[in-house]
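Student: As given, the protein sequences belong to chains A and B, one line each in that order.
For what it's worth, my numbering labels the leading residue of the first sequence as 1, then goes sequentially.
For what it's worth, my numbering labels the leading residue of the second sequence as 1, then goes sequentially.
Keep in mind that a hint or two might mislead.
The calculated SDA-like cross-link candidates involving lysine to any residue, where the alpha carbons are at most 25 Å apart (straight line), are [to be verified]:
| no. | chain 1 | residue 1 | chain 2 | residue 2 |
| --- | --- | --- | --- | --- |
| 1 | A | 244 | A | 161 |
| 2 | B | 9 | A | 47 |
| 3 | B | 9 | A | 161 |
| 4 | B | 142 | A | 190 |
| 5 | B | 142 | A | 138 |
| 6 | B | 9 | A | 7 |
| 7 | A | 26 | A | 206 |
| 8 | A | 52 | B | 160 |
| 9 | A | 52 | A | 14 |
| 10 | A | 147 | A | 39 |
| 11 | A | 3 | B | 127 |
| 12 | A | 274 | A | 161 |
| 13 | A | 138 | A | 277 |
| 14 | A | 227 | A | 185 |
| 15 | A | 26 | B | 42 |
| 16 | A | 52 | B | 82 |
| 17 | A | 147 | A | 97 |
| 18 | A | 3 | B | 160 |
| 19 | B | 9 | A | 19 |
| 20 | B | 142 | A | 77 |
| 21 | B | 9 | A | 23 |
| 22 | A | 26 | B | 9 |
| 23 | A | 3 | B | 142 |
| 24 | A | 227 | A | 238 |
| 25 | B | 142 | A | 23 |
| 26 | A | 274 | A | 136 |
| 27 | A | 26 | B | 11 |
| 28 | A | 3 | B | 10 |
| 29 | B | 9 | A | 39 |
| 30 | A | 147 | A | 235 |
| 31 | B | 142 | A | 161 |
| 32 | B | 142 | A | 81 |
| 33 | B | 142 | B | 168 |
| 34 | A | 3 | B | 50 |
| 35 | A | 26 | B | 142 |
| 36 | A | 147 | A | 53 |
| 37 | A | 273 | A | 283 |
No lab work stands behind these hints, which were simulated from the structure alone.
Note that the structure is predicted; figures quoted are calculated from it, not measured.
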Amino acid sequence: MLKPFRLLEPDTVAEAAAELVGEETKIYAGGAELLLLLRHGLLDAATLVNIKRIASLNEVSWDGSNLRIGSTVTHHRLETHPLVREHLPMLAQAESHIGNIRVRTQGTLGGNLCFADPHADPATALLVHEATVTVAGKETNRQLGMKEFLVGMYETALQPDELLTQVQVPPLPAGWGHAYLRIERFYRPTVNVAAAVRLSDGKLDGVRLAVGCVGPKAQRLQELEAKISGLPLEEAERVVTESKPYITDELHPVDDLLGSADYKIHVTSVLLKKALGQSLRNGGEAKHG
Amino acid sequence: MDEKPEELKTLQSIEISLTVNEKTWSGEVPVEEVLLDFLRYRVGLTGTKRSCESQVCGACTVLVGNQPISSCSYLAFEANNRLVTTVEGLAVGEQLDPLQSAFIRNVGTQCGYCTPGQLMAAKGLLLHNPTPTYEQIAEWMKGNICRCGCYPAIAQSILEAVEERQKP
Numbered sequence: 001m002l003k004p005f006r007l008l009e010p011d012t013v014a015e016a017a018a019e020l021v022g023e024e025t026k027i028y029a030g031g032a033e034l035l036l037l038l039r040h041g042l043l044d045a046a047t048l049v050n051i052k053r054i055a056s057l058n059e060v061s062w063d064g065s066n067l068r069i070g071s072t073v074t075h076h077r078l079e080t081h082p083l084v085r086e087h088l089p090m091l092a093q094a095e096s097h098i099g100n101i102r103v104r105t106q107g108t109l110g111g112n113l114c115f116a117d118p119h120a121d122p123a124t125a126l127l128v129h130e131a132t133v134t135v136a137g138k139e140t141n142r143q144l145g146m147k148e149f150l151v152g153m154y155e156t157a158l159q160p161d162e163l164l165t166q167v168q169v170p171p172l173p174a175g176w177g178h179a180y181l182r183i184e185r186f187y188r189p190t191v192n193v194a195a196a197v198r199l200s201d202g203k204l205d206g207v208r209l210a211v212g213c214v215g216p217k218a219q220r221l222q223e224l225e226a227k228i229s230g231l232p233l234e235e236a237e238r239v240v241t242e243s244k245p246y247i248t249d250e251l252h253p254v255d256d257l258l259g260s261a262d263y264k265i266h267v268t269s270v271l272l273k274k275a276l277g278q279s280l281r282n283g284g285e286a287k288h289g
Numbered sequence: 001m002d003e004k005p006e007e008l009k010t011l012q013s014i015e016i017s018l019t020v021n022e023k024t025w026s027g028e029v030p031v032e033e034v035l036l037d038f039l040r041y042r043v044g045l046t047g048t049k050r051s052c053e054s055q056v057c058g059a060c061t062v063l064v065g066n067q068p069i070s071s072c073s074y075l076a077f078e079a080n081n082r083l084v085t086t087v088e089g090l091a092v093g094e095q096l097d098p099l100q101s102a103f104i105r106n107v108g109t110q111c112g113y114c115t116p117g118q119l120m121a122a123k124g125l126l127l128h129n130p131t132p133t134y135e136q137i138a139e140w141m142k143g144n145i146c147r148c149g150c151y152p153a154i155a156q157s158i159l160e161a162v163e164e165r166q167k168p
């Protein structure tokens, strides 16, 4: 049973931001996570601010260099949207893995990112895309990189009076291949890995790697990216396999219901290695002749 | 056991109007009321089942528009001005939906508790993709748990319903 709450339904971002006062005021988008927390008494909300009436937050558009995704666009719309499939196939794939079809019908990209559950799918793919987010408050409107936005376990850079309005996602540069790999239990990924790679003259000349679910937040592995750039695939795979100490330092692994820290680190190194090869087969190997 | 939950103490009610299985319902609902309780206790349709209340099991699946949702975790006011279909809305008069006939023929059920949700999830799939492959069925239906383990018969039932629909 849900405890009583007051429902506000603003029509504009400014009106919504003006309502975000007090700790017990929560933004209600899809509600896929929020309603569960309220039911189980893990969160108290005296007021819910429904942002689904704000038309601008429900748009997906291509501006010539970024796909602009409004924060209340649902996962199901993203996994099936022609613009997402065309420009961001890896995000479409990550979205298609979320929960189950009912969760994807109801849950929104903005809600997923703001909830910041470490065991989530979109953030890992968005880090490799070097996406940015726009957040708006009563008097502020700022843009942040995904890396700055994700702060920790269930924690983002959002201020109490701010809401996430849009995610801007540039496609991968031409000639890059990608892979999104995960293993899953109980609908949530145990570990996920996103990779984007380009091969030139038999060597990796562009690498982006991100890992989710292992520690408090999804992260890029930039030192490892730099270390394997310039190497042929086989050598890069060997370096990745030998990088468990670095990965452990970087990701701050925690034991949780989906796996021990050691297990998740092991799976990470296996998935990263696989992701390199798969990225090359999936568009990253320059075509000759 | 499914007793009517004690009357919600609400701070706020909303006037809504929606269509449930082709019948219009208009009235006030508390903002806190979930669609499952609305269907079972206001409309009197008890085919939709309560189970995990966590968006995991799928027993409470209904369609809003043509999309499957967990009615246990979906606020009733969100269905304002929309079409809701429950398992009671599948048959046309005495004529069962091809999915229902196929579930009966294949015994796609044992205890039957998850069946209304399985049927509604399958209906949502066929509205979305009228000719799914076995793999697409498995992927879509993975959100509906059957503790009796009738999955092979459920998948077979959906495949047969697809075939039946394709018959001239």
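Student: Has the given pair, residue 147 of chain A with residue 97 of chain A, been kept, meaning a C-alpha gap of at most 25 Å?
Tutor: Holds - the C-alpha atoms of residue 97 of chain A and residue 147 of chain A are around 22 Å apart, at most 25 Å.
Student: Regarding the pair residue 26 of chain A and residue 11 of chain B, is the alpha-carbon distance no greater than 25 Å?
Tutor: holds (16 Å)
Student: Holds or violated: are the alpha carbons of residue 227 of chain A and residue 185 of chain A at most 25 Å from each other?
Tutor: It is violated: about 32 Å lies between the C-alpha atoms, which goes past 25 Å.
Student: Within 25 Å, alpha carbon to alpha carbon, are residue 3 of chain A and residue 50 of chain B?
Tutor: holds (18 Å)
Student: Tell me if the straight-line CA distance from residue 142 of chain B to residue 168 of chain B falls inside 25 Å.
Tutor: violated (31 Å)
Student: With a cut-off of 25 Å on the C-alpha distance, tell me whether residue 26 of chain A and residue 9 of chain B pass.
Tutor: Holds, at roughly 20 Å.
Student: Need the status of pair residue 52 of chain A, residue 82 of chain B: alpha-carbon distance at most 25 Å?
Tutor: Holds, at roughly 15 Å.
Student: So if I understand the rule, the pair passes when the alpha-carbon distance is 25 Å or less; does residue 142 of chain B with residue 190 of chain A pass?
Tutor: Holds. Residue 142 of chain B to residue 190 of chain A sits at ~17 Å (cutoff 25 Å).
Student: What's the verdict on residue 9 of chain B and residue 23 of chain A, does the C-alpha distance respect the 25 Å limit or exceed it?
Tutor: Within the cut-off at roughly 22 Å; holds.
Student: Hinted pair, alpha-carbon criterion (25 Å max): residue 142 of chain B, residue 161 of chain A. Please report holds or violated.
Tutor: Violated, at about 38 Å.
Student: Quickly compare the C-alpha distance for residue 9 of chain B and residue 7 of chain A to 25 Å and report which way the hint goes.
Tutor: Holds. Residue 9 of chain B to residue 7 of chain A sits at ~14 Å (cutoff 25 Å).
Student: Within 25 Å, alpha carbon to alpha carbon, are residue 142 of chain B and residue 138 of chain A?
Tutor: Distance of about 42 Å is beyond 25 Å: violated.
The structure fails hints 1, 3, 5, 7, 8, 10, 11, 12, 13, 14, 15, 18, 23, 25, 26, 30, 31, 33, 35 and 36 (numbered hints given earlier, in ascending order).
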